[in-house]
Each structure stands twice: as structure tokens, then as C-alpha cells.
Amino acid sequence: MGWFSRLFGSSEAPKQAVVEPIEYKGYLIYAEPIAEGGQYRIAGRITLGEGGSTKTHRFIRSDLLGNEGDANELMIKKAQMLIDQMGETIFNH
Numbered sequence: 001m002g003w004f005s006r007l008f009g010s011s012e013a014p015k016q017a018v019v020e021p022i023e024y025k026g027y028l029i030y031a032e033p034i035a036e037g038g039q040y041r042i043a044g045r046i047t048l049g050e051g052g053s054t055k056t057h058r059f060i061r062s063d064l065l066g067n068e069g070d071a072n073e074l075m076i077k078k079a080q081m082l083i084d085q086m087g088e089t090i091f092n093h
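Heads up, the sequence shown is in our numbering, so the first residue is 1 and it goes up one at a time.
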């Protein structure tokens, strides 16, 4: 039945990839590029804190790259730069 469900679609929700965060100066950076037209848009989130007091800043950039690995790498560099420049004020926007 595998080919049949692929042909007509499956009722199962697509599986979300587990993103391993990168720790930087106490913040956690999650690279979550968005596939778009055969390329990958720079996107992700930065979090600080734990449990109910977790602050999150999501961002999507206009940058498009040819492969997911490059998009992840650039997202992490951009997030580190944002943390260095703005610190906790990123959560005020």
C-alpha cells in the first residue's frame, strides 16, 4: 500500500525534522531554512531561558542559497551577529 498512499497522499502529517540548537553566549540558535524554488531561504529562531520563561525571536531573511547546509551556516552567523549587536533587546521586537 506504500505506493498507493504516495500516489494519492497520506493522511499522516509530515514529520518535522528535529533541529539541534547551537549554544552561543547563553542563547540557543535554531537554524530552520525554508525550501523555496529549489533554494533555501535563511530562517530560524533564537531562544533564551527555559520552560515557561523562554523568550523566542524568529526571523526570516531575504537571502537565498543553493543548499541547506550553506543556509544553516549563514543563519547561525547572522544570528550570532544579531546577538552580539542587540543582546536581549532582540526579544523586544
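Hints are supplied without guarantee of correctness; some may be wrong.
Below, a list of computed lysine-lysine pairs in the BS3-like style, where the Cα atoms sit at most 25 Å apart [what the hints assert, rightly or not]:
id, residue 1, residue 2
1, 78, 55
2, 25, 78
3, 55, 77
4, 55, 25
5, 77, 25
Hints listed in this document are in silico derivations from the structure and should not be mistaken for laboratory results.
Violated hints, by number in ascending order, as checked against the structure:
As far as the earlier hints go, not one is violated by this structure.
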